[in-house]
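Enquirer: Model the full structure from these sequences, guided by the hints.
These protein sequence lines map, in sequence, to chains R and C. Note that my numbering has the first sequence beginning at 1, numbered continuously upward. Note that my numbering has the second sequence beginning at 1, numbered continuously upward.
Calculated directly from the structure, the hints in this document are not laboratory data. There may be inaccurate statements among the hints.
Unchecked claim - A few chain C residues that don't get close to chain R, going by computed Cβ distances all over 10 Å: (1) K8; (2) R9; (3) L41; (4) E48; (5) K109; (6) E124; (7) S137; (8) L160.
Stated by the list, open to error - Derived coverage of chain R by chain C (criterion: at least 3 residues anywhere in the stretch with Cβ under 8 Å from a Cβ of chain C; other residues may be distant): (9) 22-29; (10) 400-413.
Virtual Cβ for every residue (Gly too), placed ideally from N, Cα, C.
So the chains spell out like this:
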Amino acid sequence: MKKLKQELKQEAKIFVPDIKLEVLESVGIRENAREKKKRSYARILVPVLAVFLLVLTIPLFFTEVNAKETLVTLNINPAFLIKVEDDKVQSVDALNDEAVLVLYDEELNDDLVETIKQLVAKAKDLGYKNKPTITAYNNNKKIENKMNKHLQEKLQNCEISFDEKISSKERLYQRQKREGLDLKNLKLEDVIKKDNDYNQQNLENLRAILNQYEQEISNLNYMEEANNLNGAINQFMLDMDQAINENNETEILRRFKNFNNNVMCFGNPQYNKDEIVAYYNENKEQIKNYMYFVEEETNNYMHNMRRQIVEYLQKENYEVVDLGEIVYLPEDVTEVLPPIEEYIDIDFNKAFIDQLIANISRRMRVVENRGHIFNHELFFIEEQYNILNNYLQEHETYLTDENVSLFLAEYELFINKYRR
Amino acid sequence: MFDELKLKRSMEKLQQGNDGAFEYIYDATHRLVYYQIYSILKSHQEAENIMQDVYIKVYKNIDKYTNDNPRAWIVAIARNEAINRYHKNKREVFMDEEELDLFIEKDEKTPLINLAVKILDEEEFLLVAYSILEDKSRREVAKILNLSPSGVTYKLNLALEKLKKEVA
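Expert: Structure representation (structure tokens):
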């Protein structure tokens with residue numbers, strides 16, 4: 001086994017590729033490595049060419065750059081780029097996701113001061129409390145200063161700061177490009193909408209759902225107890241296997257007696273080594289299964305609980321953002337819930353019912369093979385059946401399911417035979 | 001090695017807009033992410049593509065990270081992405097020959113891991129990958145895979161036995 005592990009570790013060294021550079025590039029954190037390399041070649045050539053081109057194109061700059069076009073940036077955390085021409089707003093672009101949210105459904109007019117006031121007010125409504133920062137930029141310094149002064153005068157009552165310096169128009173566009181914002185294609189659904197509507201009552205309702213499930217889970221105390229004892233079961237099997245291999249009679253008797261008394265009761269068999277070994281080997285699978293179904297059962301309850309919470313939130317018109325299989329809940333709600341990872345592509349009802357049936361059937365088969373039932377088994381089977389029955393009453397459509405109807409008939413016969 | 005606390009702090013920093021933290025997040029998780037994707041898609045080419053998508057998603061959705069278990073969160077996104085790709089994979093995938101050679105060559109160098117992917121189910125493979133290949137503690141693996149530590153020990157032993165039997 002040690003050799004196998006070592007060989008696996010050796011292979012692992014080359015198995016996983018490192019694509020850090022590509023990943024960092026794709027999220028815009030690091031510039032393209034190839035471009036970087038290219039640029040190092042061009043380090044000497046480019047300035048020379050640039051000076052040459054500049055000399056040639058100076059006249060073009062003066063004619064092509066529209067001195068009247070002013071860019072105004074507004075940053076409240078949502079960040080906007082406002083293009084102004086002839087003192088009129090030509091366009092307002094979002095520079096981040098938050099700004100998309102602010103712009104959504106907003107009708108803006110062409111008055112710059114009004115537009116800024118409107119955006120600041122909407123952002124404030126959405127809960128952004130930062131002091132807005134505004135900078136006007138124009139290729140002509142005189143126009144730029146004039147615009148900044150004009151905005152400062154008009155907005156002096158709005159608690160706006162004017163101290164941010166933006167070096168160039170190009171830098172802004174690059175940032176927009178780097179952040180991959182394509183406003184036409186950006187879906188609002190991709191952005192979590194912060195909903196401030198949920199109140200104490202909503203949280204209490206959610207807590208009630210949570211408590212109800214927690215209650216049900218803890219009601220299965222037999223299972224929960226066993227769940228905690230998974231480690232003990234595992235250890236018991238390792239110890240027993242070792243004791244049997246070594247043919248250590250004292251150890252076999254001690255281990256089994258201890259396990260039978262403290263963990264999982266097999267009734268009261270004769271403490272005779274050969275019988276115990278035979279009994280242990282015969283029931284080994286069952287002991288293993290015991291570990292699994294307990295975990296599965298609890299997980300089912302957890303899944304079901306989360307599904308109900310999501311349904312509840314959707315009914316109450318919360319924005320529950322669904323990102324494939326993972327559902328994100330509003331922040332305040334997650335405070336009272338365990339981490340939310342809801343798998344929504346499954347028919348949970350069916351999965352839950354099938355799971356219960358499988359658990360009960362497994363236990364029933366063991367009892368049938370043995371020919372008699374222990375109290376704890378009867379308790380377990382009836383408890384599980386009650387859960388199943390209640391669930392089926394609530395989801396009647398599953399009663400016609402072949403698997404379900406066959407099981408119910410089988411259970412009826414079983415319980416009549418073994419109930420005392 | 002990468003510690004849990006530093007990873008959590010990096011997630012918080014990224015949430016606050018410190019892009020520098022992203023590099024650490026990648027370093028601390030990319031191997032786990034790759035195993036998760038590979039266990040579903042069983043193709044290096046696909047896994048590399050998806051790994052990139054996963055981190056773009058992590059970066060873009062960092063504000064939505066609310067739980068206390070960053071590795072599990074990122075691995076869950078990876079699983080989700082891989083499953084989506086798996087369902088879409090009916091379409092043909094084109095690969096140039098040079099690229100294909102590279103991946104075949106890589107496959108030849110990792111026969112044991114390839115065998116593990118083939119004969120073990122997703123959970124068993126991840127148990128082997130995280131516990132043995134990445135030397136993570138049982139507790140860490142349990143947290144990522146949502147199992148109990150004793151369940152990890154037990155299932156890992158079963159998976160290794162299965163693998164050993166096949167190798168022999």
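Enquirer: Take the hints in turn and mark each one as holding or not.
Expert: So, going through the hints one by one against the coordinates:
K8 (chain C), annotated as away from the interface, keeps every beta carbon of chain R farther than 10 Å; the closest lies near 13 Å. With a closest Cβ-Cβ approach of about 18 Å to chain R, R9 (chain C) is found to remain outside the 10 Å limit, as its non-interface label requires. With a closest Cβ-Cβ approach of about 14 Å to chain R, L41 (chain C) is found to remain outside the 10 Å limit, as its non-interface label requires. Chain R draws E48 (chain C) into its interface by the beta-carbon criterion, the shortest separation being 6 Å against a cut-off of 10 Å.
With a cut of 10 Å on Cβ distances, K109 (chain C) falls inside the contact zone with chain R, its closest approach being about 6 Å. Separation of E124 (chain C) from chain R is adequate, the least Cβ-Cβ distance of about 13 Å exceeding the 10 Å criterion. Listed as outside the interface, S137 (chain C) is consistent with that label: its C-beta sits roughly 15 Å from the nearest C-beta of chain R, beyond the 10 Å cut-off. Not every CB of chain R is more than 10 Å from the CB of L160 (chain C) (nearest about 6 Å), against its label as outside the interface.
Only when three residues or more bring their CB closer than 8 Å to a CB of chain C does the claim for the region 22-29 of chain R stand; here the count is 6, and the claim holds. Chain C is given as covering the region 400-413 of chain R, and this is violated because 0 residues of the stretch bring a CB closer than 8 Å to a CB of that chain, at least three being needed.
Going through the hint list in order, the structure does not satisfy hints 4, 5, 8 and 10.
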